[in-house]
Amino acid sequence: MAKIPSGKLPDGAGWQPALPKAERDTVMSATIGPARSRVDGRLKVTGAAKYSVEFEVPECAYGWTVESNIAKGKITAIDAKAAQGAPGVLAVLTHLNTPKFKSAPKKEGGGGGSGIRNEERFPLNDDEVHYAGQYVALVVAKTIEQARHAASLVLVSYAPEEPLLTMEAAEHKAEKPKKNNDEHVQIKKGDVEAALKDASLVKIEQTYITPTETHNPIEMSGTIAVWEGDQKLTLYDATQFVKGVQNILAHAFGLELENVRIICPFVGGAFGCKGAVWMHVLLAAMGAKVAGVPVKMHVTRRNMFVGAGHRTPTRQTLSLAATRDGKLQAIQHVSETLTSTVGQFTESCGARSTGVMYESPAIRVEETVFPVNVSTPTFMRAPGECPGTYALECALDELAIALKIDPVALRLANHADNHPIKNVPFSAKHLKEAYQLGAEKFGWAKRNPEPRSMRDGDLLVGWGMATATYPAHKMSAAAKVQLRANNTATVQCATHDLGTGAYTAFTQISSEQLGLPFENITFELGKSDFPFGPVAGGSNSTGTVGTAIHEVAGLLHKALAELAVKDSKSPLFNLKTDDIAMVAPGRIGLKNDTTKSDAYADILKRAGKDSLEVQSEQKPPEENKKLAFQSWGAHFCEVKIDPLLPRVQVTRVVSVMNCGRIVSAKTARSQIMGGVVMGIGMALTEETSYDPGTGLPVTRNLADYHVPTNADVPEIDVAFVGEPDFAFNPIGARGMGEIGITGIAAAIANAVYHATGKRIRDLPITQDKLI
Amino acid sequence: MNPFTYIKARDASQAVSGIAAKPQTKFLGGGTNLIDLMKMGVETPAQLIDITRLPLTQVEELPGGKGVRIGALARNSDVAEHSLIQQRYPVLSQAFLAGASPQLRNMATVGGNLLQRTRCYYFYDPAFPKCNKRNPGSGCGALEGYNRIHAILGQSDQCIATNPSDMNVALAALDAVVRVQGPKGEREIPIADFHRLPGSTPNIETNLQPDELITAIDLPAIPFAARSHYLKVRDRASYAFAIVSVAAALELGADRKITAARIALGGVAHKPWRAQKAEKELIGKTADEKTFRAAAEAELAAAKGYKHNSFKIELAKRSIVRALSTLTAMAS
Ligand SMILES: Cc1cc2nc3c(=O)[nH]c(=O)nc-3n(C[C@H](O)[C@H](O)[C@H](O)COP(=O)(O)OP(=O)(O)OC[C@H]3O[C@@H](n4cnc5c(N)ncnc54)[C@H](O)[C@@H]3O)c2cc1C
Ligand code: SF4
Numbered sequence: 000m001a002k003i004p005s006g007k008l009p010d011g012a013g014w015q016p017a018l019p020k021a022e023r024d025t026v027m028s029a030t031i032g033p034a035r036s037r038v039d040g041r042l043k044v045t046g047a048a049k050y051s052v053e054f055e056v057p058e059c060a061y062g063w064t065v066e067s068n069i070a071k072g073k074i075t076a077i078d079a080k081a082a083q084g085a086p087g088v089l090a091v092l093t094h095l096n097t098p099k100f101k102s103a104p105k106k107e108g109g110g111g112g113s114g115i116r117n118e119e120r121f122p123l124n125d126d127e128v129h130y131a132g133q134y135v136a137l138v139v140a141k142t143i144e145q146a147r148h149a150a151s152l153v154l155v156s157y158a159p160e161e162p163l164l165t166m167e168a169a170e171h172k173a174e175k176p177k178k179n180n181d182e183h184v185q186i187k188k189g190d191v192e193a194a195l196k197d198a199s200l201v202k203i204e205q206t207y208i209t210p211t212e213t214h215n216p217i218e219m220s221g222t223i224a225v226w227e228g229d230q231k232l233t234l235y236d237a238t239q240f241v242k243g244v245q246n247i248l249a250h251a252f253g254l255e256l257e258n259v260r261i262i263c264p265f266v267g268g269a270f271g272c273k274g275a276v277w278m279h280v281l282l283a284a285m286g287a288k289v290a291g292v293p294v295k296m297h298v299t300r301r302n303m304f305v306g307a308g309h310r311t312p313t314r315q316t317l318s319l320a321a322t323r324d325g326k327l328q329a330i331q332h333v334s335e336t337l338t339s340t341v342g343q344f345t346e347s348c349g350a351r352s353t354g355v356m357y358e359s360p361a362i363r364v365e366e367t368v369f370p371v372n373v374s375t376p377t378f379m380r381a382p383g384e385c386p387g388t389y390a391l392e393c394a395l396d397e398l399a400i401a402l403k404i405d406p407v408a409l410r411l412a413n414h415a416d417n418h419p420i421k422n423v424p425f426s427a428k429h430l431k432e433a434y435q436l437g438a439e440k441f442g443w444a445k446r447n448p449e450p451r452s453m454r455d456g457d458l459l460v461g462w463g464m465a466t467a468t469y470p471a472h473k474m475s476a477a478a479k480v481q482l483r484a485n486n487t488a489t490v491q492c493a494t495h496d497l498g499t500g501a502y503t504a505f506t507q508i509s510s511e512q513l514g515l516p517f518e519n520i521t522f523e524l525g526k527s528d529f530p531f532g533p534v535a536g537g538s539n540s541t542g543t544v545g546t547a548i549h550e551v552a553g554l555l556h557k558a559l560a561e562l563a564v565k566d567s568k569s570p571l572f573n574l575k576t577d578d579i580a581m582v583a584p585g586r587i588g589l590k591n592d593t594t595k596s597d598a599y600a601d602i603l604k605r606a607g608k609d610s611l612e613v614q615s616e617q618k619p620p621e622e623n624k625k626l627a628f629q630s631w632g633a634h635f636c637e638v639k640i641d642p643l644l645p646r647v648q649v650t651r652v653v654s655v656m657n658c659g660r661i662v663s664a665k666t667a668r669s670q671i672m673g674g675v676v677m678g679i680g681m682a683l684t685e686e687t688s689y690d691p692g693t694g695l696p697v698t699r700n701l702a703d704y705h706v707p708t709n710a711d712v713p714e715i716d717v718a719f720v721g722e723p724d725f726a727f728n729p730i731g732a733r734g735m736g737e738i739g740i741t742g743i744a745a746a747i748a749n750a751v752y753h754a755t756g757k758r759i760r761d762l763p764i765t766q767d768k769l770i
Numbered sequence: 000m001n002p003f004t005y006i007k008a009r010d011a012s013q014a015v016s017g018i019a020a021k022p023q024t025k026f027l028g029g030g031t032n033l034i035d036l037m038k039m040g041v042e043t044p045a046q047l048i049d050i051t052r053l054p055l056t057q058v059e060e061l062p063g064g065k066g067v068r069i070g071a072l073a074r075n076s077d078v079a080e081h082s083l084i085q086q087r088y089p090v091l092s093q094a095f096l097a098g099a100s101p102q103l104r105n106m107a108t109v110g111g112n113l114l115q116r117t118r119c120y121y122f123y124d125p126a127f128p129k130c131n132k133r134n135p136g137s138g139c140g141a142l143e144g145y146n147r148i149h150a151i152l153g154q155s156d157q158c159i160a161t162n163p164s165d166m167n168v169a170l171a172a173l174d175a176v177v178r179v180q181g182p183k184g185e186r187e188i189p190i191a192d193f194h195r196l197p198g199s200t201p202n203i204e205t206n207l208q209p210d211e212l213i214t215a216i217d218l219p220a221i222p223f224a225a226r227s228h229y230l231k232v233r234d235r236a237s238y239a240f241a242i243v244s245v246a247a248a249l250e251l252g253a254d255r256k257i258t259a260a261r262i263a264l265g266g267v268a269h270k271p272w273r274a275q276k277a278e279k280e281l282i283g284k285t286a287d288e289k290t291f292r293a294a295a296e297a298e299l300a301a302a303k304g305y306k307h308n309s310f311k312i313e314l315a316k317r318s319i320v321r322a323l324s325t326l327t328a329m330a331s
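Sequences listed follow chains E and U, in order.
Each residue of the first sequence is one higher than the last, beginning at 0 in numbering that gives the first Met the number 0.
Each residue of the second sequence is one higher than the last, beginning at 0 in numbering that gives the first Met the number 0.
Derived by calculation from the structure, the hints in this document are not laboratory data.
Note that the structure is a prediction, hence the values are computed from the model and not measured.
Any given hint could turn out to be false.
Cut-off 25 Å, straight-line C-alpha distance, at most; resulting in silico cross-link-like pairs (BS3-like, lysine-lysine) [said to hold, decoys possible]:
hint, chain 1, residue 1, chain 2, residue 2
1, E, K768, U, K303
2, U, K183, U, K25
3, U, K284, U, K256
4, U, K129, E, K768
5, E, K288, E, K101
6, E, K101, E, K73
7, E, K757, U, K306
8, E, K175, E, K187
9, E, K105, E, K177
10, U, K129, E, K73
11, E, K80, U, K38
12, E, K445, E, K757
13, E, K421, E, K188
14, E, K625, E, K106
15, E, K141, U, K38
16, E, K625, E, K178
17, E, K178, E, K106
18, E, K187, E, K177
With these hints in hand, go ahead and build the complete structure from the sequences.
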C-alpha cells in the first residue's frame with residue numbers, strides 16, 4: 000500500500016490523496032465478488048415471495064389488540080361484554096382469563112442463542128401497566144374488521160400512577176451496567192482528568208442529543224399461529240431469528256422444542272425490530288390456543304411504534320483534549336440512554352465508537368441507563384455505533400475547527416493501528432485507503448474550510464466527512480447440504496434474508512465452497528427445522544453462515560472421498576482421505592497431485608447413489624485474541640441549504656467501506672446505500688415524538704414519522720477497499736449490513752456546520768433549528 | 000371500524016336525498032381521509048354514499064369569461080394537470096402537486112380535499128383522551144402537549160389545530176366560491192366563509208351543512224393570477240404536510256409598484272389564512288424585499304406560538320418574503 004500523508008496541513012489547505020489507481024484496482028478486484036442479481040428477485044417483483052402473514056391458512060381468524068393509554072398504573076376493571084357479543088368474535092383475552100405462560104428460557108449473552116426477549120414479561124398475565132401502548136386485551140374474530148371493531152368496544156379502567164418518562168424523572172433509578180451482552184461498556188484507560196485539565200492542550204466539550212427513532216421496515220411485524228392439538232405449534236413469523244422464536248415459544252407454552260416450528264422464508268426489512276420475540280408473537284399463539292383456531296396478527300404501523308422496539312434516545316457528552324498539532328491526549332465519552340422498566344437494553348454509544356476508533360493515551364467511556372415507563376427499546380441498525388459515531392465524529396469535527404486542521408488530516412493523525420483498549424493490532428484494516436479514495440472521489444481537496452464560504456447561486460454549500468465503524472461479529476451456525484448426482488445441491492441453514500440479499504450471498508458462497516455452478520445451488524433458509532442459524536443481527540450472518548457452509552463443504556468433500564477411496568474404478572482408489580480435497584470445481588483429488596482426481600457426479604453414480612447428504616455441527620466460534628476485528632469506512636457528503644428557508648438537502652454522498660471480503664458486490668452496495676439513506680433520515684428528518692402527558696408516541700405513521708423520500712436522497716457513490724480478512728473467518732468477510740449508517744449523520748451535521756456556521760447538536764436537523 | 004352500510008349515488012339529487020334519509024351518513028369521495036379516520040375510530044358513520052360516479056368531474060370555463068368551474072369529484076391530479084388551471088391559476092396547480100403523493104392525488108377529489116380534517120395527532124388518535132374537536136368538552140391535548148405542527152394565527156384555547164390542505168390555501172388566495180346542493184336547493188359559499196376558526200366549537204369546522212353536497216368550486220377570473228405561485232415549506236423534500244405555505248399572486252404596475260396582491264397562508268391556522276393585512280401593506284409600494292418583509296411583519300404581528308411551534312412565526316414571514324420575491328423575479 001502506498002503511503003498516505005498525515006498530520007497537520009497549512010491553514011486553509013485541502014488534503015491531497017496519493018494512492019495510485021492501478022494499485023487500488025488490484026486490491027479491489029481481489030476483494031469484491033461478482034455482481035450477481037438476486038436469486039429471489041423474480042419472486043419478489045412478481046409477488047410470488049410469501050411473507051409471513053401472507054401464508055394462507057384454512058380457518059384462520061384475526062387478532063386485534065387493545066392498548067393502554069396510560070403509562071403506568073393498574074387495570075382496575077375490564078368490561079368486555081359488548082366485545083364478546085359483537086359479530087364474529089371468537090374470544091376476548093384479558094389478564095382476567097388468559098392462561099399463564101409457562102416460562103422463559105435462561106438469558107444468554109452474546110448472540111442470544113436461547114432467543115431474545117427485550118420486553119421481559121408475558122402479555123395479559125397481570126394487571127400492571129408499564130408503558131403507554133401496552134397490550135391489555137386481545138380480540139380474536141373471524142375477520143380483521145370484526146376483530147378491530149370488537150376491540151374498540153372493550154372498556155378498560157385504570158388506576159393511573161405517576162409515570163417516569165424522561166431521564167430527569169428517572170434520575171434516581173439510573174444504572175451503570177458493567178456489561179452489555181459480553182462486552183464491557185464502562186471503559187477507563189490512562190488519566191483522562193489530567194489531560195482535560197492540562198492548559199497546554201486544546202479542548203472540546205459538547206453534548207449531543209439523538210431522539211427516539213423507529214425502524215419502520217416496509218413489512219410490519221406479524222405472526223400466524225397454528226396449533227395441531229395442544230402439543231404442536233407452527234408459527235409463520237416475521238423474524239430475524241427463527242431458532243430464537245422456537246426456543247422462547249417452546250418455553251412459553253411448555254412444548255418440546257421439535258414440536259414448535261417457525262417458518263419465515265422472506266422478511267421485508269427488519270433493522271433490528273424483528274430480532275426479539277415481542278408480545279404479539281406470544282399473543283397470536285395464545286389467542287389461537289384459547290380460540291381453538293389459527294390466528295393471524297399483523298402489527299399495525301401505529302403499533303410498530305410501541306410494540307416492536309425503537310432506538311432509544313441518547314444524550315452524549317464528548318470531551319476531547321489534543322495537542323496543537325492534533326494528537327488526541329484524551330477522549331471522554333459519557334452517554335445516557337433510556338430503557339424500559341420491563342427490559343434492560345443498553346445502547347452502548349461510547350464503548351462501540353470511542354472504545355475502538357482513535358489512538359489516545361487516555362480514554363474513558365461511561366454509560367448510564369435510565370429505566371422509564373416507555374415501551375422497550377431494541378437493536379436498531381448499528382445499535383450504539385450509530386448514535387455513538389454521530390457524537391464522536393461531530394466532536395472530532397469541532398476539534399478540527401478549533402485546531403484549524405483538515406478533518407481528514409486530523410483523523411489520519413489519530414489513526415489507531417492497534418485496538419486502543421485491547422492493544423492488539425486490527426486485522427486487515429484499511430481505513431486510511433478509505434479516507435483517501437473517498438476524498439479523491441469526492442474532490443475533498445477543493446474544500447474551502449471556512450464556514451459559509453462555498454455557494455451554489457444563493458444556496459449555501461457545505462462539505463462534511465466522518466468515519467464509519469462497526470465490529471466484526473461472529474456467532475455459531477451449522478449447515479446441511481444435499482449433493483445430487485446431476486451436480487446440483489441444496490444447502491440449508493436456519494438463517495434469514497431480511498431483504499438484504501442473503502439468499503444470493505449464500506448461494507454465491509455455496510457455489511464457491513462446494514465447487515458447483517451458481518445456477519446449480521438452491522439455498523434454503525427461514526425454517527427452524529434446518530440446522531442452527533443465529534439471529535440475523537450484528538452484521539454477522541454472511542461470515543457466520545458462510546463459515547458453516549465452508550465447514551459443511553469440507554464434510555461433503557470428505558464424504559465423497561470416502562466413497563471414492565473404496566471404489567476400485569476411481570482414480571482415488573485406496574488413497575488416504577486426508578490427502579484429498581476439492582481440486583477444481585466439481586472434482587475432488589489429491590492435494591499434492593491434482594492429476595489424480597474424480598468428479599462428484601461420477602463418484603455418486605458408481606456408488607449407485609442419487610444423492611449424498613451431510614450436516615455440520617454447531618460449535619462455538621473460534622476466538623483469535625491476538626487480533627482485533629472491526630470494519631471501517633469513510634463518508635463524505637455535500638449539503639445545500641437555502642439561507643432563508645434552511646431545509647437541509649443532501650446533494651452528494653461518497654461512502655468508501657472496508658469490510659473484509661465483499662461477497663456479493665451488488666447487494667453489498669445496496670446495503671451501504673440503505674445505511675446511508677437511513678442515516679440521512681437520522682440526521683435530518685426522523686424522530687419519534689412523545690406526548691409529555693400520556694407518554695404515547697404522537698408520530699405513529701409514515702405521514703408523521705418522516706423517513707427520507709426519494710427526493711431527499713442523492714446519488715450515493717459506494718466503493719470498497721481492503722482485502723479479505725481470512726484471519727477473521729474462512730470466508731474473509733466481516734459483514735456489512737450496519738456499517739453504512741454509522742458516521743453518516745455526523746458527516747451531514749458537519750457539512751451543515753460548514754455550510755451555515757451553525758453547529759446543531761441535537762438531531763434531527765430540521766429547519767427550525769437553523770432559523 | 001364501526002359497521003356501516005355502503006351505497007352508490009348516480010347523481011347529485013340522489014346523493015342529497017340519500018344523506019337526508021339516514022342520520023350519520025357521509026359522502027365518500029376518494030376516501031383517502033375518511034377511510035383512515037374510520038379505521039382509527041375518529042369517524043363512525045353508519046352509512047357511506049359513494050359519490051365518485053357523479054358526473055361532477057369536469058374542469059370547464061364559465062360562460063362570459065367569468066372564470067373556471069371545477070367539479071367536486073375531479074381528482075386532484077387531473078385538476079393539477081389541466082391546461083386551464085396551469086395557465087390561469089398556476090398557484091392552484093402547484094398547490095395540488097405539492098400535496099401528498101401521486102397515488103393519493105390520483106384518488107383524492109376536490110370536494111374531499113376541501114373537507115379533509117386536521118392532522119393534529121391528538122385528534123387523529125382516540126387513544127388520546129383530550130380533544131375538543133373529536134370529543135367536545137374533553138380539553139385540548141395539543142395545548143400542553145407536542146404542538147410542533149399547530150396553529151399560530153386565529154386559534155383559541157379550545158383548539159390550536161391547523162387545516163392541512165394545500166389546495167385550500169390556493170383557493171383562499173383566488174377567492175374561490177364553493178357551490179353546494181342541499182335539500183333546500185343550491186347555494187354558494189365564498190371560500191373565506193367556508194372554513195371556520197375554532198373559537199369554542201372546534202368540532203364545527205365549516206359552514207357546510209351535514210346534508211349538503213359540494214358540487215363544484217368556481218374560480219373567478221383574475222388575470223394577474225396567471226403569474227401566481229405556491230411555496231410549500233416542509234420537513235422533507237416531498238410527501239409531507241406543510242409546516243408553512245404561501246399562495247400568492249402579484250400585479251405589478253410601472254416602476255414595480257404593486258397594484259394588487261393576493262396572499263394566503265397554510266399550516267398556520269384552523270382555516271386557510273387569507274393575509275389581508277399583508278396585502279394592504281403591499282399596495283402602492285415598490286416590490287422589493289423590504290416591502291415584503293414589512294408586509295409579513297404586519298400579518299404575523301398577531302401570531303402566537305407554543306412550546307414547539309414558535310419557529311413558525313419567523314418561518315411564515317420568511318416564506319411570504321420568498322414567495323413574493325419569486326413572483327417579482329418572474330415578472331422581470
Ligand atoms: C399520507 C397522506 C399524506 C397527505 N399529504 C397531503 C399534503 O401534503 N397536502 C394536502 O393538501 N393533503 C394531503 N393529504 C390529504 C389529501 O389531500 C386528502 O386526504 C384528500 O384531498 C381528501 O380527498 P378524498 O376525495 O379522498 O376525500 P374523502 O376521504 O373521500 O372525504 C373527506 C371528507 O369529505 C367529505 N366529502 C367528500 N366529497 C364531498 C362532497 N362532494 N361533498 C360533501 N362532502 C364531501 C367526506 O364525507 C369526508 O368527510 C394527505 C393524505 C394522506 C393520507
Ligand atoms: S388542537 Fe384541536 S384538534 Fe388538536 S387536540 Fe386540541 S382540540 Fe383537538
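Quick rundown of the hints versus the structure:
no.	hint	result
1	K768(E) x K303(U)	19 Å, holds
2	K183(U) x K25(U)	18 Å, holds
3	K284(U) x K256(U)	5 Å, holds
4	K129(U) x K768(E)	29 Å, violated
5	K288(E) x K101(E)	14 Å, holds
6	K101(E) x K73(E)	23 Å, holds
7	K757(E) x K306(U)	22 Å, holds
8	K175(E) x K187(E)	14 Å, holds
9	K105(E) x K177(E)	19 Å, holds
10	K129(U) x K73(E)	21 Å, holds
11	K80(E) x K38(U)	22 Å, holds
12	K445(E) x K757(E)	21 Å, holds
13	K421(E) x K188(E)	10 Å, holds
14	K625(E) x K106(E)	29 Å, violated
15	K141(E) x K38(U)	18 Å, holds
16	K625(E) x K178(E)	22 Å, holds
17	K178(E) x K106(E)	14 Å, holds
18	K187(E) x K177(E)	12 Å, holds
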